[in-house]
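Asker: Heads up, our numbering is the position in the sequence shown plus 637, with the first residue counted as 1.
I should point out that these hints are in silico values taken from the structure, not numbers from a laboratory.
Bear in mind the structure is a predicted one, so any value in this text is a computation, not a measurement.
Don't be surprised by glycine CBs; every beta carbon is placed ideally from N, CA and C.
Treat the hints with care, since some could be wrong.
To be verified - Cross-link-like lysine to aspartate or glutamate pairs, in silico, EDC-like; alpha carbons within 20 Å at most: (1) K915 x E886; (2) K927 x D938; (3) K986 x D911; (4) K802 x D844; (5) K780 x E795; (6) K1122 x D911; (7) K898 x D1133.
Claimed, not checked - Quick list of the computed label-pair ranges, beta carbon to beta carbon: (8) K826 x D773: 55 to 65 Å; (9) E908 x D1061: 31 to 41 Å; (10) S893 x E831: 25 to 35 Å.
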Amino acid sequence: MKGKKIASSLIAVLMLTGALTACSSKNNEASNDPAATKAPEASTNTGGVDTSKEAKLVYYLWGSEGVQNKAILAEINKKLKADLNATIEVKYIDWPDINTKYPLLFASGEQFDMSHASPGAPVSYFTLASEGALVDLTDMLDKVAPKLKAEIPASVWENTKYKGKIYGVPSLYSEYTPNGYAYRVDLLKKYGMEKITTIDDMVKYMDNVVANESFPPINGKSEDAANMFRMLVDTTGMWLNAPGISLNELNLVTKSPEDYKTVFHPAYTQEFEDWAVKMREWADKGYWGKDVLSATLGSKDNFRAANSAGYLTHAQDWIGQYGADLKAQPEAETAFFTFAEANKKIKRKMGVDNSTVISTSSENPERSLMVIEKFMTDESYYNLIQNGIEGKQYVMENGVKKQPPGFNEKTDGGGFAAWSLRNDKFVVPTDTENPIRNSLFAEWDKVAIDDPYNGFSFDPANVTTEIASISNVNSQLGIQLMLGKTSKDPKAAVADYREQLKKAGIDKVIAEVEKQLAEFVPVN
């Protein structure tokens, strides 16, 4: 299977994103010279695996390379060389390139060993499994990584299975990622308000911002169109996102978890038309900049520059950015309005949502799995990949992780977006994270629901052209509708949008999704 080119669904995704023409010929790669770090020879037989020959592994991660990542990786490789006679080279797919370069990684036949994967990635984890792009780990776990298998509960492993087989190692990190609006508590108090829990509350806050401040409530760019659409879905009845169209655009939904086999596009509902009218009203009121469609700076960046009263994101991002937000504006503590909370639609984040997979092009799948086991079960490895080098990227004070004195992000910063390797038992509190995390998640644990589509892999091969056409419609009129920037009256623009979706083939896509869902049974 080495060098295998994965066809059908993966090529279909590439066609949808234009990756075959838009992607550059060379990824933003990290380099590491294993020879520069000489370590003792490893055992020639570790856990029944012959490790006498050094394995040089390639690990793909999302994000960009931190300035000190090579130094951190050198420390990791010292340990790997000694323990497993292996080293890793990390290659990076930068954030703007994920939609194009990530699908190409699997479709091109490139030889590599490990990668991040998720059902929500540009190519779904389950699609990769169905296309033969991932190594079957089911039996290998018992042979080479028994500690890792025992570490992860059986129920979590169950959620990673595709047709009864395990193709990825799931995260052991507890998190929730519902969408919402981060807003300034100091301004809230200034306006005589206590909390934002509804859209009406949010409107009251934003009206006050417009009337009293020199900056808008949401000073973002065109990407906020997707956030506005998410607000519509999350605050409307029991609507839930459904497969078929990328969740980064105006996607399909289902009426409720129980009706998951029936999907529709919100454009054909009264709720959508009313929302389009509301978005025009919000735009006209000045809730975001007049140049939102062409702006290059996001609302989070503007927020930290004191040019926005809030920003749209998901809960985990808000929690993780808490320290950076306060550092930028010490007087501007934030709170979070979670769109899905009132309707009790906060979904559990399954371990499979962040997984580490091994490519079928790997020449050392067993050694790769052993490396994953080290990162997830050995605290010394975990701290390096997640936190960096103690004393350089972080220090521990009274059980809390902090930046060392004199730390400069531009010269000392480093880190890897290795979300899939996280393990709750090794996570330590950090002074940059919102202390509300544990109590908030404990409350959500009581009311969270399962995603009815967990384990479902949509194959777009039969509707590739239609999905591409729908994406084009969404990238133009869809974005304009969600930001109140259509040239026509919003109701007339919705009528145009519906017509354009019809011509693009929305009915065919819906029929294909429902056809594939007919035999699907959720794994929850």
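Asker: Would you mind marking each hint as holding or not holding in the structure?
Answerer: Going through the hints against the structure:
no.: 1; hint: K915 x E886; result: 19 Å, holds
no.: 2; hint: K927 x D938; result: 17 Å, holds
no.: 3; hint: K986 x D911; result: 31 Å, violated
no.: 4; hint: K802 x D844; result: 53 Å, violated
no.: 5; hint: K780 x E795; result: 19 Å, holds
no.: 6; hint: K1122 x D911; result: 15 Å, holds
no.: 7; hint: K898 x D1133; result: 28 Å, violated
no.: 8; hint: K826 x D773: 55 to 65 Å; result: 56 Å, holds
no.: 9; hint: E908 x D1061: 31 to 41 Å; result: 38 Å, holds
no.: 10; hint: S893 x E831: 25 to 35 Å; result: 31 Å, holds
In this structure, the earlier hints numbered 3, 4 and 7 are contradicted, and the remaining ones agree with it.
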